[in-house]
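K.L.:
Single-letter residue listing:
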Amino acid sequence: MKTAQVMMATGANAAALAVKSARVDVVPGYPITPQTSIMEAVAAMVENGELHARFIPVEGEHSVLAAAVAASAAGARVFTATSANGLLYMHEVLHMASGGRLPVVLCNVNRGIFAPWTLWADHQDSFSQRDTGWIQYHCSSNQEVFNTILQAFRVAEQINIPIMVNFDGFAISHCLMPLTVPAQEDIDRFLPPHQPEWRLDPNHPSSFSNVTMASEYAPFRQMLSDDIMAAIPLVKQAAQEYKDCTGMWDGDSIETYRLDDAEVVAFAVNSMAAELKLSVDILREQGIKAGLLRPRLYVPFPTEDIIQALPENAQVMVLDRNYNFGHPGGILAAELKSVLFGRRNDVIVKNRVMGIGGIDLTRRFMAEQILEMMDDKKGLL
Amino acid sequence: MATSIKKLPEIEQVLSGNGACGGCPATMALRMVGKALGPNAIMLLTPACSVASMGMTPKLGYNWPCINITFASAGSSASGISHALEIMQEKGRIEGELPTVFSWVGDGGTYDIGFQALSAAAERNENIIHFCYNNEAYSNTGVQRSGATPRGTFTTTTPTGKRQPKKNMAHMMLEHNIPYVATATVAYPADLYDKVVKAKSIKGMKYIEILAPCYLGWQFDMPDTVQLSRMAVRSGAWLLWEAENGKISFSNPTAHFINGKKTPDQVNEYLMRQGRFSRLLQGPDAKERIAEIQGDVDREIAFMRERAKITI
Ligand SMILES: Cc1ncc(C[n+]2csc(CCOP(=O)(O)OP(=O)(O)O)c2C)c(N)n1
Ligand code: SF4
Chain E
1 MKTAQVMMAT
11 GANAAALAVK
21 SARVDVVPGY
31 PITPQTSIME
41 AVAAMVENGE
51 LHARFIPVEG
61 EHSVLAAAVA
71 ASAAGARVFT
81 ATSANGLLYM
91 HEVLHMASGG
101 RLPVVLCNVN
111 RGIFAPWTLW
121 ADHQDSFSQR
131 DTGWIQYHCS
141 SNQEVFNTIL
151 QAFRVAEQIN
161 IPIMVNFDGF
171 AISHCLMPLT
181 VPAQEDIDRF
191 LPPHQPEWRL
201 DPNHPSSFSN
211 VTMASEYAPF
221 RQMLSDDIMA
231 AIPLVKQAAQ
241 EYKDCTGMWD
251 GDSIETYRLD
261 DAEVVAFAVN
271 SMAAELKLSV
281 DILREQGIKA
291 GLLRPRLYVP
301 FPTEDIIQAL
311 PENAQVMVLD
321 RNYNFGHPGG
331 ILAAELKSVL
341 FGRRNDVIVK
351 NRVMGIGGID
361 LTRRFMAEQI
371 LEMMDDKKGL
381 L
Chain H
382 MATSIKKLPE
392 IEQVLSGNGA
402 CGGCPATMAL
412 RMVGKALGPN
422 AIMLLTPACS
432 VASMGMTPKL
442 GYNWPCINIT
452 FASAGSSASG
462 ISHALEIMQE
472 KGRIEGELPT
482 VFSWVGDGGT
492 YDIGFQALSA
502 AAERNENIIH
512 FCYNNEAYSN
522 TGVQRSGATP
532 RGTFTTTTPT
542 GKRQPKKNMA
552 HMMLEHNIPY
562 VATATVAYPA
572 DLYDKVVKAK
582 SIKGMKYIEI
592 LAPCYLGWQF
602 DMPDTVQLSR
612 MAVRSGAWLL
622 WEAENGKISF
632 SNPTAHFING
642 KKTPDQVNEY
652 LMRQGRFSRL
662 LQGPDAKERI
672 AEIQGDVDRE
682 IAFMRERAKI
692 TI
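From first to last, the protein sequence lines stand for chains E and H. The numbering of the first sequence is my numbering, which starts it at 1 and goes up by one. The numbering of the second sequence is my numbering, which starts it at 382 and goes up by one.
Simulated from the structure, these hints should not be mistaken for lab results. Check each hint, because a few of them may be wrong.
Only pairs whose alpha carbons sit at most 30 Å apart, straight line, appear in this in silico BS3-like list of lysine-lysine [claimed, not checked]:
1. 277(E) <-> 377(E)
2. 20(E) <-> 387(H)
3. 472(H) <-> 2(E)
Quick caveat: nothing in here was measured; it's all calculated off a predicted structure.
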């Protein structure tokens with residue numbers, strides 16, 4: 001390991017620095033708060049020659065991803081970023097990216113979605129794109145954003161599946177935290193140059209994403225589904241090798257905190273999960289055996305790791321920053337219950353929705369919520 | 382002087398055995414485009430007849446690497462490929478002459494759903510060629526109206542005839558101040574060929590629109606594609622022009638109509654050959670409605686005549 005650089009950086013800057021470290025070729029972009037700072041930083045790095053890449057300032061997010069997938073099909077390493085309505089506007093092309101097996105990496109800076117307008121974080125945007133065939137990471141610190149973008153390129157290019165790296169608007173994107181940027185040599189060791197098996201090449205004319213009969217289409221879709229499941233070992237391997245190359249670790253498919261002997265387990269993603277470590281400490285001080293399980297992966301859902309990690313007879317408090325419309329609680333709780341059913345009947349799952357549209361989630365507030373949920377029979381949704 | 386049709390290159394990029402209708406104007410035009418571009422090119426397609434024609438996976442009737450993209454995206458996706466190729470060449474990952482990046486898109490994917498992305502690509506002066514083969518309707522989904530459908534046309538979504546005139550898309554592209562804009566049609570293959578050769582040699586955004594009379598939507602006999610194309614030009618319903626760096630020039634016979642040496646044929650003969658106008662022609666107000674269409678044609682000629690005078 002060479003000497004790393006340590007600095008103060010916002011989450012948005014951490015993302016832009018990761019793009020530079022990944023030696024990305026093409027970045028199409030379009031502004032939307034709170035993601036805009038990433039695009040501004042990337043555009044500046046391209047302009048001043050720090051990053052040898054093309055920045056394409058297109059006219060909307062549908063075009064952002066349309067340019068991204070096409071550049072990827074031409075053989076380039078491609079990054080882009082968006083938030084909320086920008087992500088929703090991309091929806092059609094998200095499917096093209098995964099179905100076309102194009103390993104684009106996209107940062108979604110989580111923000112609540114319109115209507116009415118809000119600028120601040122919740123997780124309705126990324127969770128509502130669950131079924132687009134993208135792998136989804138959710139990050140809880142600026143450093144993890146940096147680390148995860150590099151790991152995402154590695155995994156995406158290994159299995160030709162696009163990856164979305166999610167983190168909260170403002171709490172992460174706009175807050176300064178210490179950031180360690182490993183030496184480029186160490187990163188290059190971890191992330192080799194992109195060598196696609198296939199690209200648009202006049203020496204080998206072939207059609208891409210053309211019309212298929214069901215007998216072709218169905219196997220394509222099955223392969224995509226199988227390969228998304230097969231990403232979990234690659235995600236773990238990437239986390240491990242990243243640690244070997246840089247010394248840094250954010251968990252692999254999941255991250256746990258004081259979980260081994262826990263009777264009450266907080267279950268949440270993104271920045272609130274970092275704050276929840278402090279809630280766990282507060283509860284421990286009060287004699288409650290609390291712990292944390294944070295899924296770092298949302299798609300594929302880290303079923304086996306969760307089932308193994310949850311202590312026996314645990315009460316799991318799922319804190320959802322989103323709504324599962326048509327159901328009484330949030331989306332994460334529904335996901336968790338669906339994988340525990342029939343396999344971990346000893347575990348009780350309780351659920352609350354909170355922090356919508358950026359409502360502040362402090363350690364004390366969440367500790368109190370967990371205390372209330374422990375007594376709450378109604379929490380048993 | 383246009384290249385003689387006898388001297389066109391023998392190369393065929395449109396292979397035999399594809400899925401287009403007999404007499405398909407889009408495929409005829411693409412064949413000429415292939416002769417002009419040669420094999421070193423990358424083709425983008427939006428959902429349209431040309432996708433239905435290209436053959437199903439794993440077969441391919443066009444001898445280029447072809448990428449099917451989302452309907453609204455020709456402008457942006459072609460830009461993405463163009464930038465990717467250039468940066469990969471700069472970084473030494475690909476060698477040799479860079480392929481021409483071109484989109485092959487219907488009027489639906491150009492005038493309507495793809496307009497925003499195309500306009501933005503033009504404004505950025507991307508190094509691509511956007512071809513619009515204009516059959517004046519959404520043919521692939523069974524002939525619905527588009528922004529290119531002329532006034533009076535019956536389509537499945539204009540069952541009493543379209544009330545609005547079409548847009549002048551090529552002119553709108555010209556007003557993006559791009560280096561090259563041209564119109565063409567299948568009855569004048571050498572004119573089309575020369576325009577594509579020229580477009581290939583120019584760096585920056587190129588737009589070429591090809592009128593493509595489609596027997597299915599226009600309702601004429603399949604073997605008459607070229608004849609209808611010629612009638613469109615001779616009546617002034619389709620104007621052949623190009624603009625290099627904003628300077629407009631006209632091909633014959635359009636040039637004669639513009640400089641007043643000849644008058645175009647009356648539009649009603651052209652209309653009468655097409656079933657898509659038949660209900661209009663048989664209606665009680667046929668005269669007024671033909672006059673409206675003639676008015677649209679006359680206005681476009683007058684407009685382009687005056688517009689061509691602006692050369693700065
Ligand atoms: C987003 C989206 N909306 C609608 C369609 C359905 N669709 C497929 S082809 C087509 C019409 C294509 O018309 P045009 O571009 O004029 O090409 P043509 O069929 O005439 O060759 C439509 C509406 C689609 N594929 N994607
Ligand atoms: S419907 Fe018209 S444009 Fe489409 S393939 Fe047939 S002839 Fe060509």
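K.L.:
Work down the list of hints and note, for each, if the structure agrees.
P.N.:
Structure-based check of all given hints:
1. 277(E) <-> 377(E): holds, 25 Å
2. 20(E) <-> 387(H): violated, 54 Å
3. 472(H) <-> 2(E): holds, 25 Å
Of the numbered hints given earlier, the model fails hint 2 alone.
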